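The residues making up each chain are set out below.
Number of protein chains: 2
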Amino acid sequence: METGKFRRSQRIAAMTSLLGNYPGRLFSLTEFSQQLDTPKSVLSEDISIVKETMKVLDIGEVQSVAGAKGGIRFIPKMSLHRQKEFLEKLAQELSQHHRILPGSYLYYSDLISLPAYVQPMAEILASYMKQSNPQYVVTVETKGIPLAFAVARILDKPFVVARRESLMTEGATVSVNYVSGSGNGMQRMVLPRRAIEPGSRVVMVDDFMRGGGTAKGMQDLMKEFEAEVTDIGVLMASKSPEIKKGGRYTTLLILENAEEETGKVDLYPNPELFQE
Amino acid sequence: METGKFRRSQRIAAMTSLLGNYPGRLFSLTEFSQQLDTPKSVLSEDISIVKETMKVLDIGEVQSVAGAKGGIRFIPKMSLHRQKEFLEKLAQELSQHHRILPGSYLYYSDLISLPAYVQPMAEILASYMKQSNPQYVVTVETKGIPLAFAVARILDKPFVVARRESLMTEGATVSVNYVSGSGNGMQRMVLPRRAIEPGSRVVMVDDFMRGGGTAKGMQDLMKEFEAEVTDIGVLMASKSPEIKKGGRYTTLLILENAEEETGKVDLYPNPELFQE
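Which chain is which? The protein sequence lines are A and B, in order.
Just so we're aligned: the first sequence equals residues 7 to 282 in the numbering used here.
Just so we're aligned: the second sequence equals residues 7 to 282 in the numbering used here.
Simulated from the structure, these hints should not be mistaken for laboratory data.
The structure presented is a predicted model; accordingly, all values stated were derived computationally and were not measured.
Treat the hints loosely; a few may be bogus.
Since the list can't tell identical chains apart, any single copy or any two copies may satisfy a pair.
[Said to hold, decoys possible] 20 angstroms max Cα-Cα, derived EDC-like pairs, lysine to aspartate or glutamate:
| # | residue 1 | residue 2 |
| --- | --- | --- |
| 1 | Lys-61 | Asp-43 |
| 2 | Lys-270 | Glu-176 |
| 3 | Lys-61 | Glu-37 |
| 4 | Lys-11 | Glu-58 |
All chains, please: the whole structure from these sequences, using the hints.
Put into structure tokens, the structure is as follows:
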């Protein structure tokens, strides 16, 4: 690249932009040093400035990884205070009575597909999911796909979607049957044999959890790949049953009640996320 | 925010990061001015630096919108040269003989779910899609969802997924039947009535196009919403039939042939994208 020398402010703009466009990806200092035609020692100072600014402005975390294979990466991340603010606004918006559908279902397909909402949802979930250091982010089609993909993007991990039926275009597949918590009876989920490496650690992301049947199904499916579901994250979980089949999970919102007759929705941020 | 004054390099890091984390979104100067506790006149200079750097380093475009409702936004964007480089690498990777499945299908579910691949694919498609100034990005479940969502994110537009069957949790729906180009016979696509505002302009994004039956189905479905499909973008289109039912479209790759017997795949970047 014949870009010549850059000033500090330009180098910082370049690095911040690349880090933000590919969150979770490790950029080596050598890579930046070549692209920006700047010695590593000078870059280190630039990086300190970026790091400090992201922190002070509550935008995210710039992590340094030491060693020959090291470098820096960016994880978008909000403070607990901003998380709470966002989830309260979200709960309020989802509690509007016009969202209650026949059968006391809540309409939220629009919000879980709006990039401006999905990004903060995914940032919060990713901050929990990344603790178990997963190799894949999985979901079951369809509604949770944008959110799950946004989490995979932040963690920079491959994203895998289990389907309800196998496709001709995916080769050999593995499937399990499971009992859906939402009372749809038996369901099936399918994955191509080549979708997951044996022995992997995966996290599951979904839009909604009631009885945890889908999560349990995913655990069974992963066993067929000798893989393990190390964490589960959902946008919203019903308050009851308190004990879900899938075991431990993280939810952003708790749905206690939605009444078609009265138009009343009782939905709030998961208080466990904000305990001291 | 009690952050006090920031230095230029810090202001630039902050703005670049916010712009990159929410591509397509218009940030007003007032917003930045308050958050960074800096007069607008000073910010304008900072923005010029960001703009110039993004351009020189081939990262993207920072657009200024004038007027009271104006501000700046960031559109990630690669030069034609880098687009070509990326698509050539992608075509090569997808042409590996182990990807050919029985029935001469090509396995590519892994690559269209890897964030590091989906981001550049979406950047290229978005640069075409945005020309028709859409209000929504739509797709049909399932395989194209990550790519379509990534395009929606870059354009900062609501994302809508048509499903194959209606769900109890989505209220009143509209559906059409269509003939799938991949020879699966009649299929159905369904959308909640409240998914699209009447009179909207939408762009469709999908992973693959053969006969264009799905695109035609989407056009029919949109008519039911008095909406119009103004553009279609796909990752890959088969060379034949040359004329697709859905009409005008943009494809990144062209699949001319995949032979199960010989393991030969003939797949290449769409030359029309790189014409002078």
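Structure-based check of all given hints:
{"no.": "1", "hint": "Lys-61 to Asp-43", "result": "between (27 angstroms within a copy, 16 angstroms between copies)"}
{"no.": "2", "hint": "Lys-270 to Glu-176", "result": "between (44 angstroms within a copy, 18 angstroms between copies)"}
{"no.": "3", "hint": "Lys-61 to Glu-37", "result": "between (24 angstroms within a copy, 19 angstroms between copies)"}
{"no.": "4", "hint": "Lys-11 to Glu-58", "result": "between (24 angstroms within a copy, 14 angstroms between copies)"}
Checked against the numbered hints above, the structure breaks none of them.
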